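S.K.: Protein chains in written order, with our numbering: chain A, 6 to 61; chain B, 5 to 249.
Accuracy of the hints is not assured; some may be wrong.
[Unchecked claim] Here are a few chain B residues that sit away from chain A, every Cβ distance over 12 Å (derived from the structure):
| no. | residue |
| --- | --- |
| 1 | Lys24 |
| 2 | Met25 |
| 3 | Ile43 |
| 4 | Arg91 |
| 5 | Pro156 |
| 6 | Ser199 |
[What the hints assert, rightly or not] With a straight-line Cα cutoff of 30 Å, these simulated DSSO-like cross-link-like pairs (lysine-lysine) come out:
| no. | chain 1 | residue 1 | chain 2 | residue 2 |
| --- | --- | --- | --- | --- |
| 7 | B | Lys237 | B | Lys11 |
| 8 | A | Lys43 | B | Lys237 |
| 9 | A | Lys43 | B | Lys11 |
| 10 | B | Lys120 | B | Lys194 |
| 11 | B | Lys237 | B | Lys24 |
| 12 | B | Lys11 | B | Lys24 |
| 13 | A | Lys43 | B | Lys24 |
No wet-lab data here; the hints were simulated from the structure.
Computed from a prediction, not measured in an experiment: that's the story for all the values here.
For glycine and all other residues, C-beta sits at the position ideal for the given N, C-alpha and C.
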Amino acid sequence: MNWGEFFFMNGYAWYIWGSYGMALLIFFIEIVMVRHRKMLILEQLHLMRNVENVVT
Amino acid sequence: MAINWFKYSAPSTFYGVAGKMVPWFSWSAAILFVVGLYIGFFVAPTDIQQSEAYRIMFIHVPASILSMFIYLVMAGYAALGLIFNTRLSSMMASALAPTGALLAFLSLWTGALWGKPMWGAWWVWDARLTSELILLFLYLGFIALHASIDDPRRADRASALLAIIGSVNVPIIYFSVQWWNTLHQGATVKFTGTSMHVAMQQGMFTMMLAVWLYAIAVTLLRVRCIILERECKAQWVSELVEVRR
Numbered sequence: 006m007n008w009g010e011f012f013f014m015n016g017y018a019w020y021i022w023g024s025y026g027m028a029l030l031i032f033f034i035e036i037v038m039v040r041h042r043k044m045l046i047l048e049q050l051h052l053m054r055n056v057e058n059v060v061t
Numbered sequence: 005m006a007i008n009w010f011k012y013s014a015p016s017t018f019y020g021v022a023g024k025m026v027p028w029f030s031w032s033a034a035i036l037f038v039v040g041l042y043i044g045f046f047v048a049p050t051d052i053q054q055s056e057a058y059r060i061m062f063i064h065v066p067a068s069i070l071s072m073f074i075y076l077v078m079a080g081y082a083a084l085g086l087i088f089n090t091r092l093s094s095m096m097a098s099a100l101a102p103t104g105a106l107l108a109f110l111s112l113w114t115g116a117l118w119g120k121p122m123w124g125a126w127w128v129w130d131a132r133l134t135s136e137l138i139l140l141f142l143y144l145g146f147i148a149l150h151a152s153i154d155d156p157r158r159a160d161r162a163s164a165l166l167a168i169i170g171s172v173n174v175p176i177i178y179f180s181v182q183w184w185n186t187l188h189q190g191a192t193v194k195f196t197g198t199s200m201h202v203a204m205q206q207g208m209f210t211m212m213l214a215v216w217l218y219a220i221a222v223t224l225l226r227v228r229c230i231i232l233e234r235e236c237k238a239q240w241v242s243e244l245v246e247v248r249r
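Chain A with its partners taken away, still in its complex shape (with noise of 0.2 Å):
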């Protein structure tokens, strides 16, 4: 088997790599959003503590 056979997946090629490209897909977006998600709380938690070592 060669590896344009392998991709054309007798005809089924859209169809199956759609489906795996979009499970890659989510899965990249998922993991991108939570490290944003981090790193903004990280952001806020260290303005909040700025401002209360300001303060006192």
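Dock chain B against chain A, hints included.
M.R.: Same frame as chain A, now just chain B:
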């Protein structure tokens, strides 16, 4: 063996525990994805009836089963939060919802891409497909309801109720192929055995385990964010290394 489980139900303790668990779940998920895809694409034989198109199964079935399972776990956590008033349970429910919603969407998407070549239609109003679509809406409803109420504890209680009532839908999805005459095929893997080729089973179960571990890892990452967001005024948060640097 006496483990003080209540100790781990404190967000301050669980934050650290979750952080230590994330790499283990992430790496084992990554390894199982590679193994599962290898089995699914290179070991499992071509199907007699569905040719190569059946290979969508290796992502479609895990996504579908996990979308249902995560809903039940989410409803369970929501119920715990409602009954025992434990904050961490409600946070876990909130952390599970987006992952469940994404998997429900993935199930519908991969199902459509499987349905088109096999049935000739992207979508039909079949009992299985429709109840899975309702599951997606339940997840979105849970997220939207939680986000629409300012007081987090009140939001927890309101959305917990929605999650618990909505869990009726999960057995409906599961048994839909038996109760109604559906275009969607019936269960191939049953408690009494299966007609599936061994390599197909191995590929499917490996992928299922991979998606499961992935879901745990990303939920733990998300619950850590939720804990920080909700406990931002707590002393222990301001003493964290990642906050102090």
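S.K.: Does each hint hold? Answer for all of them.
M.R.: Consistency of the hints with the structure:
1. Under the 12 Å C-beta cut-off, the non-interface status given to Lys24 of chain B relative to chain A holds; the minimum distance is some 16 Å.
2. With a closest Cβ-Cβ approach of about 15 Å to chain A, Met25 of chain B is found to remain outside the 12 Å limit, as its non-interface label requires.
3. Non-interface status of Ile43 of chain B relative to chain A is upheld: no Cβ of that chain comes within 12 Å, the nearest being about 14 Å off.
4. In this structure Arg91 of chain B is separated from chain A by more than 12 Å, as the shortest Cβ-Cβ distance comes to about 17 Å.
5. Listed as outside the interface, Pro156 of chain B is consistent with that label: its C-beta sits roughly 14 Å from the nearest C-beta of chain A, beyond the 12 Å cut-off.
6. Against chain A, the non-interface label of Ser199 of chain B holds: every CB pair exceeds 12 Å, the least being about 22 Å.
7. Restraint check for Lys237 of chain B and Lys11 of chain B: the C-alpha separation of about 20 Å stays at or below 30 Å, so the hint holds.
8. Restraint check: the Cα-Cα separation between Lys43 of chain A and Lys237 of chain B comes to about 16 Å, which is no more than 30 Å; the hinted pair holds.
9. Proximity of Lys43 of chain A to Lys11 of chain B is assessed by CA-CA distance (about 24 Å); at most 30 Å being required, the pair is judged to hold.
10. Of the pairs offered as hints, the one joining Lys120 of chain B and Lys194 of chain B holds, with about 26 Å between alpha carbons and a cut-off of 30 Å not exceeded.
11. Proposed proximity of Lys237 of chain B and Lys24 of chain B is supported: the alpha carbons are some 23 Å apart, at most 30 Å.
12. Taking the CA atoms of Lys11 of chain B and Lys24 of chain B, the gap is near 16 Å; set against the 30 Å cutoff, the hint holds.
13. For the hint pairing Lys43 of chain A with Lys24 of chain B, the CA-to-CA distance comes to about 16 Å; that is within 30 Å, so the pair holds.
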